[in-house]
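Trainee: Letter by letter, the chains look like this.
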Amino acid sequence: MSKVTTLAQLGKWSYILPALCVLGLVLLVPLLFTFWMSFQHMPIGRPPTFIGIRNFARIFQDPLFYHSLRCTVLYAFPAVGIKAVIGLLVALFLNQRFWGRGILRGIAIIPYALPLFIVCVLFWFVYDYRGIGNFLLRLGGLRPIHWLSYQYAMPSIILVNVWHGWPFFYLGFLAGLQAIPTELYESAEIDGASSFDKFRSITLPLLAPVFWIVCGLSLMWTMGDFVTPKMMTGGGPADVTLTIPIATYKIAFLLGLNYPLASAYAVAVLPIFVVLIYLTVRRLG
Amino acid sequence: MGMKKPWKRLFLIVASALLLFWVFFPVYWVLKTSFAPEEEVWNMGLPRNPTLRNFRDIFSVRQGSMVEVSGAMLSISPTIVTPLRNTLLVAIAAVFLTMVVSSIAAFNLSRFSYRGKRAVSSYVLFAYVFPPFILMVPITVVMRRLGLYDSLWGLTLAHLAYTIPFATYMLRGYFLGIPQELEEAAQVDGCSRFQSFVRITLPLSAPGLVTVAIFSFVLSWGDVVFATVLLNTQEQYTLPIHIGFFLWGGEIVDPGRLAATALIAGLVPAFLYIAIQRFVQMGLVAGAVKG
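Protein sequences appear in the order of chains A and B.
Just add 896 to the spot in the first sequence (first one is 1) and you have my numbering.
Just add 731 to the spot in the second sequence (first one is 1) and you have my numbering.
A portion of the hints provided could be inaccurate.
[As the list claims (entries may be wrong)] Calculated lysine-lysine pairs in the DSS-like style (CA-CA distance at most 30 angstroms, straight line):
#, chain 1, residue 1, chain 2, residue 2
1, B, 739, A, 1094
2, A, 908, B, 848
3, B, 848, A, 1094
No wet-lab data here; the hints were simulated from the structure.
With the rest of the complex left out, here is chain A (with noise of 0.2 angstroms):
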């Protein structure tokens, strides 16, 4: 290689470098640190020491791992599927031509605009006692319950999910149909189709690109949501909200203080979602 493409070559690295920099700075020093901790013991005020694979060993002995695991897929999958059923309805509902339609796609995506902390305080109002949630039961002639007890916690918290999250599948989803011909709708009429035959084979093959997409993002997301069950429950009541995330966090800040065993959890996890990563960015090229 010539001097001067060398030097061009260094040129165009120069724009990207800032970036790289912070992204190293607060990515991947971090990530390589967590991994570096995942095989150390650190006792307060003396030096690490490296114990191997001592802290996987306890978390995959410990019977909490594999309660948290089963609790982030109760937690994420209904979630996911609910938001996508709920944004897929809308998006077809908002695909019609009428009067308005203009003012509701505007208010659809409000509970998407609001971070997810105001989200969680909205529905600390629904979830009281005295609060929406039970008016509506009554309402329906039920009795009032407590929101966020045992019992009904996990449904509870993925319904605050659920609703701040739908309008990210809506969007997709509308963007997905608004990008299909209308030639194909207009020879299949003219085939004699019917609308239900129209929706199963043209409108669902064309949206599966989109729905693969949306749906693997939002899986992550979901997983790894720390927001919704740190500020509805923290977790409890009785560990039945104890997420991977939560739980990582209570071990390295509000029980242990054991920040080894913490990053050993994370990394533990960590391949679930570089699979999730993956299949989810080789879509989006």
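Start from chain A and add chain B according to the hints.
Mentor: Just chain B now, kept in the frame of chain A:
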């Protein structure tokens, strides 16, 4: 066809009503509670004697907000002023840094080709979708080492982990949509490559820049993860931490003022989002639909 019309109309009305109810039932409660006097906060209907007192109270300390706990006077809900200022400062600093760093990086990714570019693009995309909770522990340690623990600068820096990958990825898309010939023409007229980017491409992508800036602002404004682990004293708390003190043992303390605080904290991002509503859809899913 004639028979179908009224049914369709009824369907549209019912669906609209359902959607409005679904979106507004939690919002309504906070709206009306923020204007309710103390004795009416748990009433279902609109307050009969609406008042702005809650808003006045969260901006000024008054005796009533102090409670005595084992001999010491504790303020159960201090004013919103400090957390609001902190949140604003962090968000503005994060947006500024993000826009400078990301627009240059995105220009690079959209215009140049060189060895290793694919790896850089993948890294940015990977960072964009990466769940931040995994960084909670190590970022705390790194910030302690840098002496930036419990400081707003440290928090700003941590927020760049959200904003820079996202902004770079989105701006790259915008820049790709702007014809390269315009820059080339400017270069023929004597601009350097960087000048042609600053004078031609940047002004042309103004809507994209504004959209990305607003998204970054909202990301920083709404951050709970890093604020929870990095901030430790009341002077440094941001809104999400501040608002957490309204819940004690699962019970809401002072619903009126909580609602007023939530309204102010929620109105800013909601307003910004609605302002760029036309670009939101485009921005969020442009990449997704292309694939």
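Trainee: Give a verdict on every hint.
Mentor: Evaluation of the provided hints:
no. : hint              : verdict
1   : B:739 with A:1094 : 18 angstroms, holds
2   : A:908 with B:848  : 10 angstroms, holds
3   : B:848 with A:1094 : 42 angstroms, violated
Hint compliance for this structure: hint 3 is the single one not met.
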